[in-house]
Amino acid sequence: AQSVTQLGSHVSVSEGALVLLRCNYSSSVPPYLFWYVQYPNQGLQLLLKYTSAATLVKGINGFEAEFKKSETSFHLTKPSAHMSDAAEYFCAVSKSGGYNKLIFGAGTRLAVHP
Amino acid sequence: GAVVSQHPSRVICKSGTSVKIECRSLDFQATTMFWYRQFPKQSLMLMATSNEGSKATYEQGVEKDKFLINHASLTLSTLTVTSAHPEDSSFYICSARDPPSASYNEQFFGPGTRLTVL
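Sequence order for the protein chains is A and B. All letters in the first sequence, in the order written, are residues 3 to 116 by the working numbering. All letters in the second sequence, in the order written, are residues 954 to 1071 by the working numbering.
Treat the hints with caution; some may be incorrect.
Straight-line Cα separation of at most 20 Å, SDA-like style, residue types lysine to any residue; simulated pairs [claimed, not checked]:
(1) A/Lys-60 - B/Lys-994
(2) B/Lys-967 - B/Leu-1021
(3) B/Lys-1019 - B/Ser-971
(4) A/Lys-97 - B/Leu-999
(5) B/Lys-1008 - B/Ser-1026
(6) A/Lys-60 - A/Asn-43
(7) A/Lys-103 - B/Ser-1007
(8) A/Lys-103 - B/Ser-1036
(9) B/Lys-994 - A/Leu-48
(10) A/Lys-103 - B/Asp-1051
(11) A/Lys-97 - B/Thr-1031
(12) B/Lys-994 - A/Thr-53
(13) B/Lys-994 - A/Tyr-41
(14) B/Lys-994 - A/Lys-97
(15) B/Lys-1008 - B/Lys-994
(16) A/Lys-60 - B/Thr-1031
(17) B/Lys-994 - A/Arg-111
(18) A/Lys-70 - B/Tyr-1057
(19) A/Lys-97 - B/Ser-1026
(20) A/Lys-60 - A/Val-21
(21) A/Lys-103 - B/Asn-1004
(22) A/Lys-97 - B/Leu-1021
(23) B/Lys-994 - A/Leu-9
(24) A/Lys-103 - B/Thr-984
(25) A/Lys-97 - B/Glu-1012
(26) B/Lys-1008 - A/Val-21
(27) B/Lys-994 - A/Ala-89
(28) A/Lys-103 - B/Gly-1014
(29) A/Lys-70 - A/Thr-53
(30) A/Lys-103 - B/Asn-1023
(31) B/Lys-994 - A/Val-114
(32) A/Lys-97 - B/Thr-1002
(33) A/Lys-103 - B/Pro-1052
Derived from the structure by calculation, the hints contain no laboratory data.
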């Protein structure tokens, strides 16, 4: 079975500061991992995904994440936060291989203050 | 590409009525669609997986007769909340995937539907 733990339900950073959102996964088989962003009253938008190729994955809007098997982690980072990054971020895991469901973490709300 | 729409975006109804929510893939054929429910400030909970032309697969604890799902075409899936009650009030989100995205499990999400049952 797969599961995802996002440490920190709320993260607050200053504009221009480093963004670090934590995600740890549990999976009995090699996983695929995803980060999605959700703005208020909207659906989810894919930021990036890991599907067993490069362990450092670059996504949209300057975000990147690194798959670390030894730490069972897939933390999301951005060097410099913008006000527009304020949103809810979800980490998700699936089994590797196709046609599998996504299991979502509880989400982390990112606040960016001036 | 890979745009998913939902209609309506918001719906308010009286207790006991039924509500239908549509999910459409606008620029691709969705062999599989998913329906999620999201309570305020919580994560997404998968309700059911819908494959075109076959019955939906419901997650444990989801009432099949309460939440009717139809995936009649490769671009449309509908969720009908039957005899809605206030506890059914929630944000419902659909997602879809096409054969290429299915190989790595990516899903494309709709904008969601806010259901309020009075």
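> When the hints from earlier in the document are held up against this structure, which numbers fail?
Replying inline: 1, 6, 8, 11, 12, 14, 15, 16, 19, 22 and 26
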